[in-house]
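So the protein lines, in turn, are chains A and B.
First residue of the first sequence: 80, per the working numbering; consecutive thereafter.
First residue of the second sequence: 3, per the working numbering; consecutive thereafter.
Incorrect hints may have been included.
[As the list claims (entries may be wrong)] If we take Cβ atoms under 7 Å as the criterion, some of the chain A residues that face chain B in the derived model are:
| id | residue |
| --- | --- |
| 1 | I146 |
| 2 | G177 |
| 3 | N178 |
| 4 | S349 |
| 5 | F355 |
| 6 | T356 |
| 7 | H359 |
[Claimed, not checked] Here's a subset of chain B near chain A, in silico, CB distances under 7 Å, partners left out:
| id | residue |
| --- | --- |
| 8 | A161 |
| 9 | D181 |
| 10 | R231 |
| 11 | T235 |
| 12 | V299 |
| 13 | S300 |
| 14 | N301 |
| 15 | Q304 |
| 16 | A308 |
| 17 | E324 |
[What the hints assert, rightly or not] Some chain B residues flagged as far from chain A (calculated, every beta-carbon gap over 10 Å):
| id | residue |
| --- | --- |
| 18 | C55 |
| 19 | A82 |
| 20 | A146 |
| 21 | G179 |
| 22 | G240 |
| 23 | Y278 |
| 24 | A303 |
| 25 | T364 |
| 26 | V369 |
| 27 | P392 |
| 28 | L404 |
Honestly, the hints are just simulated from the structure, not real lab data.
Quick caveat, the model's predicted, so the values are computed rather than measured.
Cβ coordinates follow ideal geometry from the N, Cα and C atoms, glycine included.
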Amino acid sequence: MTKKESKAAKLDAEGISLKSVSLWQITWRRLFRRKSAIIGMVILGILVLIALTAQWIAPYDPFQVLIGIEPVKQRQAPCIHLLGCPEDQPEHIMGIDGNVRDQFSRLLYGTRLSLVIGLSTVSFAIVIGTVLGALSGYFGGWVDTVIMRVMDVLLAFPSLLLAIAIVTVLGPGLVNALLAIGIVSIPSYARVVRSSVITVREMDFVSATRAMGGNSYEILFKRILPNALTPLIVQGTLGIATAILDAAALSFLGLGAQPPTPEWGSMLGSERNQVFTAPHLVFYPGLAIMLTVLSFNLLGDGLRDALDPRLAHTSG
Amino acid sequence: MKHKILNYLVVCFLLGGLLLTACKPTTPEPEVIPTDVPMAEEFVGYTLAAANCDYGGFFESIVATDKYTVTFNLCKSDPAFLSKMAFVPFAIYPEEWIVSTAGEETRTSEGLEHPIGTGPYMVSEWARGESVTFVANPNYWGEAPKAETLVLRWSTESAARLLELQSGTIDGYDNVGPDDFAVITADNNLQITYRPALNIFYVGMTNTYAPFDNVKVRQAIAMGIDRQRIVDTFYPEGSEVASHFTPCAIPNACDGEAWYEFDPVAAKALLAEAGYPDGFETSLYYRDVVRGYLPQVSNVAQDIQAQLLANLNIKAEIVVMESGAFIEASASGQLNGFHLLGWGADYPHVTNFLDYHFGKDTQQFGVIDPSIHENITAGAQIADPAVAAPIYTAANNAIRELVPMIPIAHGGSAVAYKADVVNPQASPLTSELFAHTDPGGRDVFVFMQGAEPISMFCADETDGESLRACEQVMQGLYGYEINGTAVEPVLATSCVPNDDLTQYVCTLRQGVVFHDGSTFDANDVVMTFTMGLDASSPYHVANTNLWEYYDYLWGLMNK
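Assemble the whole structure, with the sequences as input and the hints as a guide.
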């Protein structure tokens, strides 16, 4: 091997040096080379910032009814001073909603709620799904059969329909909706983890641990799982988008967040009849849902590419 | 196979016809010689009679005294008799049809879509999911309809109805959306007709649950809700804040003191006096169903929730229920928090509002105090509003004092028409009679309402959209005036009561013919009421078989 060749061998397909860098550093660098992933991260960063600072940047309390406080009407169109709205009128950059509240403030607070919804349902589903998938993949046999058939049953229903059924039983409400969405997303994580575990458990280092007398707990949770996490991260990021969308759908149908909670889906649902007379009331919540889902999808796609080991050896 | 049998039948029919012609007797048929004295067709009048008055209903008996006279004998005096009679579920069906369809599927198939009445229009076609087409009745006894054809269409979204009117595909539509009033008023091609608000939206409380068992809590809430703000923000033009439970257009409705003024300070003090200085937590139940009395359900609920929190520190969690479950739970007094509900007039009489809600057996608000239900029972026996006034004053004042519910608003609604429509209608009882409306000289009048009729067998129907369709086809002994609530004779020429209002003798209109060609007489009236009232009769067969209005307004016999 010449000197030149050996240098080339230490670079991956995208020219990132593999010398003394961890997997995460590589992933990070690859992620930053993808424009779509960067866009996703920027949008997500802004959303996180809005969520964290909502109480300072929102001009109004999201629950405050402005009747008698300001000269505004129900479902008033946006008033932006920079765009020519008279200075003597109070500024409401996204207009007034059906209950005479500031739409912009509600939308900002909704960001917080949507991110919490996405993260909490996915965390719930990942924890349960990982445990089930790991047990199933590691032990095999009847444990595998029982767990996976139950997961198949859950997968057999369209996820939103199953979530609606669960909420109908539990009763409408945000917590119940989150629980329902969490439950219906468990199977996908369980399947991902199971397949990873099955692959990893046959590897040499696992056999070595076993030979050294490691018990099942140690092998499964300290050796196998950390090495099977990669697909879970990708699946989880994409799953947040789905969870936010599902929660919005449930709220739109009146089964999720209950009024006056400023949840985007419920804001959209309650004003759906005003699409011609007050389009700003359906446009902005819809746009917010779209941007959030888009950001998670772009980031998830980027992560998948960045974490894909095959990309390390190809030039694509 | 079917075709073969059909072919055989046709051939047999033709052969039979030929044979008959061939065998015709050659001798001339004897002529019918008219006699000087016409053969008096003997009229045998029917009677519907209850064994006694213990069954609790209104009718003791209904008798066809002669061919054109019906006598209604009542168990108790009923000042609202004619108002109730004018209600379309009590329209008259031909005896022949009632008898021939009993026990058959015809009534529950054909009868649901092609009702046989005496009205100015007849149903020509009901394209399910699309429209109902009516054609003028050529044998109508009264003035012929202005438009030869009437088409009834529907759409649940008010925005869609407005678009149809603007594009000219319909001539008028019901229930203008609250945001669309300005659009229609500004458009020279359109006109708007306001419907008087004959309904009530209220916030109910059940006094068998704490803290609503404390009258001071209920009074505090009554003072702590700014009702004017709700009407100003969420109701269309023509709506008003309710001063009493019953809309004031109805006689005796607004006797007694008006409702409490909004006073958050006094309300807070009263709530503290009742033992809840820091408020309390409860639920706010409603169904997400738009009605004339509650045009923006979710927004009003949220505003009441916000007001309760701001003015009284009462934290009410919103619980949206399925419509049927909500009605059942509220009617049986099972809701432990506030419930948002309303009522639209079936017939324009104070009993229609008060007796149903605050009668002795009503469970919706918990236990009704005798000071309320005794007065309304007494008032229901008196025909003269002036005589009944002191009694209704006492009843209304007792309601105000005990606050079983908080009357919020009488919701106005409106009907929009093209500008060239003559005699546009917006009936306070939503019983528009389109035969009287001229769609600008066009032959076809197209009207759009909020929903498809459920059925047109309206004797057993309660849905308003169905009743409107029936109004065009079916007629009762009395009817309501156009755009009003006063009654006027239709199939009767008059109904004369005795002094204590326990007997009404109705003289019927002569020369009226049903759509199926049968002639209208007193037996048709008795048979119609037998079909509706007598649960043991073989003719008491219908779509749902609940006969709700017959039961609620008159009381079923032999249940």
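Consistency of the hints with the structure:
no.	hint	in the structure
1	I146	6 Å, holds
2	G177	5 Å, holds
3	N178	5 Å, holds
4	S349	5 Å, holds
5	F355	5 Å, holds
6	T356	4 Å, holds
7	H359	13 Å, violated
8	A161	5 Å, holds
9	D181	4 Å, holds
10	R231	6 Å, holds
11	T235	5 Å, holds
12	V299	10 Å, violated
13	S300	5 Å, holds
14	N301	5 Å, holds
15	Q304	5 Å, holds
16	A308	5 Å, holds
17	E324	10 Å, violated
18	C55	47 Å, holds
19	A82	37 Å, holds
20	A146	39 Å, holds
21	G179	7 Å, violated
22	G240	17 Å, holds
23	Y278	22 Å, holds
24	A303	7 Å, violated
25	T364	28 Å, holds
26	V369	29 Å, holds
27	P392	39 Å, holds
28	L404	30 Å, holds
When held up to the earlier numbered hints, the structure conflicts with 7, 12, 17, 21, 24 and fits the remainder.
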